[in-house]
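Chemist: Chains as they are written, first to last, in this note's numbering: chain A, 1 to 143; chain B, 1 to 143; chain C, 1 to 143; chain D, 1 to 143.
Among the clues, some could well be false.
Listed below are the simulated EDC-like cross-link pairs for lysine to aspartate or glutamate, each with C-alpha atoms no more than 16 Å apart in a straight line [said to hold, decoys possible]:
1) B:K81 with B:E50
2) D:K81 with C:E109
3) A:K81 with A:E50
4) A:K81 with B:E109
5) D:K81 with D:E105
6) C:K81 with C:E50
7) C:K81 with D:E50
8) D:K87 with D:E57
9) D:K87 with D:E140
10) D:K81 with D:E109
11) A:K87 with A:D124
12) B:K81 with A:E50
Everything labelled a hint here was simulated from the structure, so no lab data went into it.
4 protein chains.
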Amino acid sequence: MSREPLRPRDAYRHFTPISTRWHDNDVYGHVNNVVYYSWFDTAVNSWLIEVGLLDIENGNPIGLVVETGCRYAASVEFPQKVEVGLKVARLGSSSVTYHLGIFVEGAEEPAAEGHFTHVYVDRDSRRPTPLPEAWRAVLEGIG
Amino acid sequence: MSREPLRPRDAYRHFTPISTRWHDNDVYGHVNNVVYYSWFDTAVNSWLIEVGLLDIENGNPIGLVVETGCRYAASVEFPQKVEVGLKVARLGSSSVTYHLGIFVEGAEEPAAEGHFTHVYVDRDSRRPTPLPEAWRAVLEGIG
Amino acid sequence: MSREPLRPRDAYRHFTPISTRWHDNDVYGHVNNVVYYSWFDTAVNSWLIEVGLLDIENGNPIGLVVETGCRYAASVEFPQKVEVGLKVARLGSSSVTYHLGIFVEGAEEPAAEGHFTHVYVDRDSRRPTPLPEAWRAVLEGIG
Amino acid sequence: MSREPLRPRDAYRHFTPISTRWHDNDVYGHVNNVVYYSWFDTAVNSWLIEVGLLDIENGNPIGLVVETGCRYAASVEFPQKVEVGLKVARLGSSSVTYHLGIFVEGAEEPAAEGHFTHVYVDRDSRRPTPLPEAWRAVLEGIG
């Protein structure tokens, strides 16, 4: 279990607002640990769509999720709203690792932080493929 | 299968904005039919919290969901945002039925409409109990 | 709110076992009303795959969900297991309505019952299309 | 991104069977990365209930999830069934870290592996509290 403090708000370059839902809370009355990952997934893909890199139906290459993780520091509960911070932490030849942070709307301190790694593969062969230069430029934009 | 046209926007008295999530979409690329119910649940409970009627931990009486339903007219897909229309359609002695409508943000035409019925029971005995007068007044406010 | 008794176990022709999950329970400690619909969806599609009617990637026609509903009679809670009863209740020229029942494993009395209607459309034009005769025969098999 | 091979089947001491659901699959036709965490959560809590350590309503101490992670090696898709391997990997004075593995039913090779750490706190003060000796004995039983 890591013990370093969580990254602050200014460690992130883009924020995605997300509304919580009644059933994000589990039996203990707080957002279930699993739900944070649905927010990570949503923040990464929202941003990729916004900047024009993600074309679900026809895009090539396509990103496969190979690793994710999360450290939880404070609880969140419906009906709070959250903001998900995003930053590209590492750009490999065919992979991208994002850092993510969950902040209750307006809060300075993060409730959780995570990482999320995509490996890009050719749509047909499904073998790792170098990220196109145009992609690298956009991804470095939030690096 | 009912064939009446869906209720228009002005059939509702309160709107709750909800952001969609990556995995609201299913394999067909549209929001899965189940997810609409999580929006209904969220809209009803958000409103009950906003107006001060819902106190999850200590409230008495408590509402049990006894019936829900949904008719789907058009697809919604992440990353669209939706607005959930809400109205009290019927107020029984111990029950409340809501009408709900799903609208893609800014759309005039509904994507779906639903109903949702709570029966209120005593927290301890779990037997149906008349809605307090103070509740009726608030509920009639969006009737 | 309908008041007829729920359909008994022998009203169904096929049963799908489903394991519950920790976060099926909501803050009240019971399976959230929304989750029942994910079981309906799973039971219908599992059966369609089993009998060879559903080919997600290439099948034609494809089924769109146009109406669903559920009546709740008793609570279910993780870690219980459930069995979902299924029956074709109505076969239209291009639509199929299923009746569904949720039973806690081994229970005689249903915890809930629902309906679920697919309209079949041509994969390309997305207009309603008559159900192929071969499909009707299979669907009538659990009618 | 870690590159060690995933742990084999015999690295685990307990297996929980879980049925997949239609909407576990996302738009790419495979189980969404988030869903694996709902299986981890379910496997850990199922086992804790089975061995009598988890009493949701009254238990003391209670476990808070402080860290989770997952590495994905192969896709899983509905309607496959999975088995979740479980093992206690580290027992701290007030924390427990589990190793988890996702196996498609009958498969030798894991589709994914994860870790999951609970810190136990006193129900009232919410401060970390040493694990009772009786708990340690049971937890060591799958260590």
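Chemist: Checking against the hints above, which ones are violated?
Modeler: 1, 2, 3, 4, 6, 8 and 11
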